[in-house]
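Student: Each protein sequence line maps, in turn, to chains A, B and C. Reminder that position 244 of the first sequence reads as 243 in numbering that gives the first Met the number 0, one-by-one numbering, no gaps. Reminder that position 530 of the second sequence reads as 529 in numbering that gives the first Met the number 0, one-by-one numbering, no gaps. Reminder that position 313 of the third sequence reads as 312 in numbering that gives the first Met the number 0, one-by-one numbering, no gaps.
Hints listed in this document are in silico derivations from the structure and should not be mistaken for laboratory results. Every value quoted in this text rests on a predicted model; they were computed, and no experiment measured them. Quick reminder that beta carbons are idealized off the backbone N, C-alpha and C, glycines included. It cannot be assumed that every hint is accurate.
Stated by the list, open to error - Residues of chain B placed beyond 10 Å of chain C at every Cβ, according to the derived structure:
hint, residue
1, 30
2, 56
3, 382
4, 387
5, 466
To be verified - Distance condition first, Cα-Cα at most 27 Å in a straight line; then the derived DSSO-like pairs of lysine-lysine:
hint, chain 1, residue 1, chain 2, residue 2
6, A, 393, B, 518
7, A, 50, A, 86
8, A, 50, A, 393
9, B, 518, A, 50
10, A, 50, A, 89
Chain by chain, the residues run as shown.
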Amino acid sequence: MVSQTQPSGYLDELRRIVPTEQIEPQLDAAGDGGAWAVEPATQIELVEVLKWANGRHAAVFTRRPRRSDADTLGRRPRIYLRGRRMKRVKDLDIVSGTVTVQSGISVSELHRLLEERSFTTGFPTRPWRQESIGSVLAAALDAHWGPRYGSMEDQVLSLGVVFPDGSVAGGRGAPRKAVGPDFDRLFLGSRGRYGIIYEVTLRIYPSATRVAMSYAAPDLTAALEAVNSGIALGLDPRAIELLTPAPDRTWGRKRVGLTDDHPVLVIVEPWGPLAGRPISWIDTHFATTLRRLDPPLGWNMHEGLLPAPRAWTEPVVGVRWARLLELGAELGRDVPPGLWLVRMSRHGGWLSLASGVDGPAADAVRGLVQQLRPAGPLPWERFEAALKRELDPKDILNPTGA
Amino acid sequence: MARLSQAELIAGLSRIVGVEHLSTARPDRIAYSADFWPKAQIWKQGGDVERYPPDCVVWPADEAEVVAILRFCHDHGIPVVPYGGGSGVCGGTIPIHGGVVVDVKRLAQVTDIDHASAVVTAQAGINGQHLEDRLNAAGFTLGHFPSSIMCSTLGGWLAARSAGQFSSRYGKIEDMVLSLRVAFPDGTLLDTGDRGPGGPDWTQLVCGSEGTLGVITGAQLKVNPVPGARRMRAFRFRHLEDGLRGGRAVMQAGLRPMVLRLYDPFDSLIALGKDKTHGDKAARPGVLDSLRGLFATTTAGPHTGQFERPGLLRRRLGPLSHAAKRVGLITALSAPSIVNRLAAAAPSPCLMIVGFEGHADAVHADAWSAGELLAEAGGVDAGAGPGEHWLARRYDVSFKQSRVYDMGGFVDTMEVASTWDRLEGMYDAVRRALAPHVFVMAHFSHAYREGCSIYFTFVGYRRDAAKSEQLYDRVWRVATDAVVGAGGTVSHHHGVGMSKMNAMVQEHGHMLRVWRALKDVVDPHGVMNPGKLFPDAPHESVEPDGGDAGSA
Amino acid sequence: MARGRDPSPLERHAQALALCTYCPSLCRHACPVATAESTDTTSPWGLVSLVEHVRRGLVDLDDEIAEQLYHCAGCRACSDACVHDNDVEGVLVAARAWAVSRGVTPFPRELFERAPLVLDKIRRVDRFERRPAIALLPGRVALETTPRVIDTLLALCERLDVDAISCGEAAALDVGYELWYAGYHTEFVVQARKVHAALSGARELVVMSPEALYTLQHVYPRYGLAFEGALLHTSDLLMQLLGSAVVQRVNARVAYHDSCHLARHLDRVEVPRQVLRRVLTQPLVELAAHGRETWCCGATGCLPSTAPETARQQALAVVALCHEAKVDRVVSFSPECIAALRAVAPPGLRVDHAVTLVGEAIIGDTAAG
């Protein structure tokens with residue numbers, strides 16, 4: 000059902016919903032339905048935009064425009080939602096340790112605001128600094144295992160969502176519930192296909208880590224053993240990870256003791272503060288505990304976090320210890336540079352590729368990830384498609400055909 | 000879709016499970032006609048012991064049979080009630096529309112323990128204690144100790160988002176589960192672990208669905224090494240709010256006690272154990288003593304507080320016979336407002352129990368740190384005794400409830416949760432709402448970094464079952480309203496079933512559309528556990544959760 | 000039988016019945032029958048609830064209801080798990096008796112009534128006297144399935160200078176445990192009187208079957224049939240004998256399966272272990288379920304007659320425990336347990352009477368009993 004309204008008519012209608020300065024016409028191919036970047040400033044504006052789009056069978060994207068969009072969508076009008084005006088901190092609850100923000104706030108801005116109050120989120124800062132919280136959540140790149148903060152999903156206490164027809168849902172935040180499935184999870188990782196996240200309540204934590212411990216291991220197996228014994232000692236660090244930096248990268252190789260004989264780096268970031276103990280005590284506690292490992296390993300202590308490259312790039316896959324140990328035996332010293340295991344816990348870790356690595360090394364890591372991924376078509380895809388039809392019958396939200 | 004005759008139903012299902020694994024016998028229909036929803040207990044008190052019998056009970060042997068049963072029921076529009084231990088307290092497994100109860104207890108294998116990764120794979124029908132025993136034998140623990148562990152199953156835990164007593168350290172069951180295997184009525188059997196990057200987490204969309212989407216047949220869960228050390232401590236606080244401040248400080252300092260419980264004044268008396276040392280007082284019990292006697296653990300715990308308020312309704316009952324106890328209970332519960340006021344004024348300090356387990360170094364460091372924080376909040380060290388006592392007797396309270404029914408009363412618990420900022424407000428609101436109707440006591444347990452659960456226990460009495468049922472319904476209505484009004488969630492770990500279904504629109508608002516969409520996708524004929532979890536209202540009747548909409 | 004309609008036998012249990020009915024089945028994990036049958040109907044809660052409904056007149060006691068009451072091994076694991084100490088076994092025995100008295104039990108008396116054994120069978124064991132001063136009561140199962148164990152026991156006695164022991168005429172009689180358990184109490188009393196008469200005068204009774212010992216020691220006196228002589232279990236006797244014996248310890252990895260009646264009803268957890276530790280080089284292997292928490296192998300409570308498949312599943316569960324404990328040999332002090340386990344044990348698992356093991360250590364006889 001293609002509307003006969005002309006693009007200029009659509010624009011007039013949009014202007015009645017949001018002020019003109021929040022609408023930016025996009026490059027327009029002849030004959031299509033028109034395309035605008037729209038920046039709602041309030042939840043009501045967002046709701047109205049979606050209602051309009053639903054009525055007009057428009058396509059609403061939460062990403063940047065692509066040339067192919069016009070071709071795929073023909074005469075359907077297109078809206079490119081921008082969240083940058085919806086970035087209010089609605090509530091910083093330092094009693095409960097939560098923050099409620101509109102989803103358009105960027106990760107770096109949120110961190111800056113929280114740092115002023117000596118808090119941080121459980122998100123790694125670096126990879127998504129410019130992205131909005133909403134888009135990071137809609138993509139939900141990581142998953143289950145985190146030694147201290149848990150996964151990205153674990154950071155979310157509640158979500159506010161607008162459905163394609165403009166109806167609004169938002170649960171109350173409680174630490175845990177047993178009132179049915181966790182519906183928020185449908186929106187985490189589904190890239191705006193079922194609804195638009197307009198607001199989120201996140202867990203926050205006192206900012207803490209002052210030091211990092213590192214150990215340069217001769218091979219993957221030794222590195223995995225070091226990680227494993229650290230976990231077995233009952234340490235509960237913010238991060239335990241394992242990294243094989245590219246040899247041509249000069250960042251602090253010497254500082255962390257990496258040599259040709261010891262190419263694999265284990266990083267442990269302590270967590271604190273513990274009650275009544277200064278952060279320095281925590282740091283020392285971790286240091287002395289790790290140094291007590293038998294056989295003793297050469298742990299180095301560093302002021303501040305270790306520097307880049309510590310960005311998270313796709314691909315990524317969860318790997319259990321059983322498989323990690325096999326991998327250690329298979330690869331031995333032959334660990335491809337760029338291989339990065341993060342969020343390691345008693346159960347496994349996430350295998351990914353460190354940023355700044357390309358060429359054959361990167362391909363080798365990507366190959367490993369592919370190998371470890373579940374094979375074949377995912378059985379859920381059918382359900383997801385059916386759900387999409389139920390919740391967004393007109394296929395207005397991020398239509399996948401485009 | 001014409002409904003099958005009973006004979007056709009039996010024939011069809013017998014072909015799937017075999018005639019010996021299907022029953023229409025009366026003993027089975029009685030046993031499977033109710034769970035442990037207190038309202039069903041009231042029915043029982045009134046002599047109604049098979050209000051909702053199923054048409055039949057089946058015991059499938061494996062996943063393939065589960066799938067075939069669901070497919071059959073889907074094709075013929077027959078209600079299906081997935082059943083694990085039947086230990087739920089919300090009516091979730093009561094076959095209110097008849098149909099087929101699918102008891103999955105024959106799926107009870109631990110299929111794999113991955114030692115390197117500390118991950119267990121087990122079938123849904125395994126009894127909780129049996130699973131823990133198997134893990135212990137392999138050097139692991141699940142860390143999940145609901146007070147129903149003896150009678151509940153893994154599948155039930157997952158279906159209702161169960162919590163164990165050590166949830167502060169190990170999380171709830173949804174925090175432990177890595178993936179589920181689920182059979183849906185359209186004949187699909189899926190493993191939620193087969194998940195690529197991105198995409199919604201189906202594990203968490205099925206977990207908590209209380210049998211309304213499909214049958215959970217198995218799961219993979221994180222396990223932990225059996226802890227090398229354990230340390231219990233206890234503190235007394237003059238005021239409840241001091242204890243709450245201390246508990247919050249402990250959790251937010253990043254300490255991970257396995258348990259942190261704070262009792263309100265009256266619950267503290269019970270937690271401290273029956274006082275056998277003050278014989279003169281025990282001989283002159285007041286009305287509160289009769290209530291206390293119902294719940295107090297049978298062996299004397301270390302006595303640290305005392306109860307000596309001369310009660311308005313104190314009676315000389317002498318050594319408490321069964322009949323005398325009954326009289327005491329009825330007297331007490333006939334004037335709940337007064338008794339609640341007396342209990343609130345009990346000059347007992349609030350007791351907090353905090354325990355740590357894990358690697359010895361961490362346990363001692365954390366226990367020390369927690370002590371510092373709790374002392375700072377005004378806590379007075381009460382030693383290891385009360386915590387040890389709780390640990391040894393922590394399952395007993397579940398047994399106590401049958402005493403109340405035996406005496407003609409009813410008892411229920413309500414486990415609500417909120418963030419720390421709203422917790423005290425919620426405590427007061429619920430107490431206020433319940434006080435005119437039932438005797439109420441509470442403790443705070445399942446503490447997390449950002450909030451905590453409150454566990455209310457309430458005891459009521461009416462002369463006959465019909466009146467008890469009325470009172471019961473009224474109590475739940477006012478209590479859930481109070482919780483919602485105070486900004487909490489009406490269930491932390493018991494689930495919804497039928498008992499909290501009416502609060503679900505307030506709880507979820509338009510988010511219920513997701514459930515309806517899920518239902519339409521996986522259970523288009525609506526055969527899965529009908530009449531449970533969420534009201535079956537058409538979309539329009541759901542009130543938008545208002546308020547917030549204009550605030551952005 | 001008009002008197003049978005009187006529900007009073009259950010009134011005595013009224014409190015236990017109520018407490019159990021309203022309890023959310025907190026002993027469920029402990030019940031081997033409900034576990035084997037994967038059902039809640041035959042859990043202690045399920046059965047006691049049924050009895051309570053019957054007592055209250057809410058449900059009619061008919062064959063179908065009565066049949067359920069026989070899905071119990073009488074192992075008492077539930078009572079051990081119960082904070083109220085509810086006597087589930089006692090409740091169910093009373094309920095069965097009521098069903099029998101009303102003529103609604105589906106199981107006929109003949110199923111539980113054991114005709115006297117042919118005396119020849121007993122004379123075939125190494126020692127027989129009509130009225131011995133120390134009477135050995137092997138029990139029907141031992142005589143029928145493991146007669147060589149009896150010989151080994153008698154040989155051990157001889158070796159250790161206990162000459163006065165032998166099987167007498169009373170050994171041909173069944174003590175009537177199953178009759179009592181199944182609710183045929185009139186028939187039980189008749190049988191018990193015979194046994195009591197046949198055994199009177201014996202200075203000591205050495206009983207091999209734990210449930211027989213339980214019956215003689217705890218059930219008979221309720222009917223005024225207490226014994227003057229001392230009642231010993233095989234393990235008690237061996238414990239006395241081994242004090243002075245020269246032992247050639249057996250080097251084997253052996254697990255011990257506790258009989259429910261021995262461990263729970265008769266509180267003999269340590270004595271059997273002390274006997275076994277005395278004759279073994281390696282430490283005795285404990286199954287995951289042991290001592291008072293032993294898992295019932297289904298040999299008792301007339302379960303083999305009333306629910307044979309359930310009994311078999313229970314035995315398999317114990318075999319699985321042996322497998323889990325990585326042993327290829329398991330011993331027990333109960334002839335009934337041994338028969339049940341042997342019926343399902345895979346070729347790699349040897350099931351012996353503890354007497355056989357002691358025999359190996361003292362006589363050197365390695366033949367299986």
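Student: Would you list, in rising numerical order, the hints stated earlier that this structure does not obey?
Tutor: 1, 2
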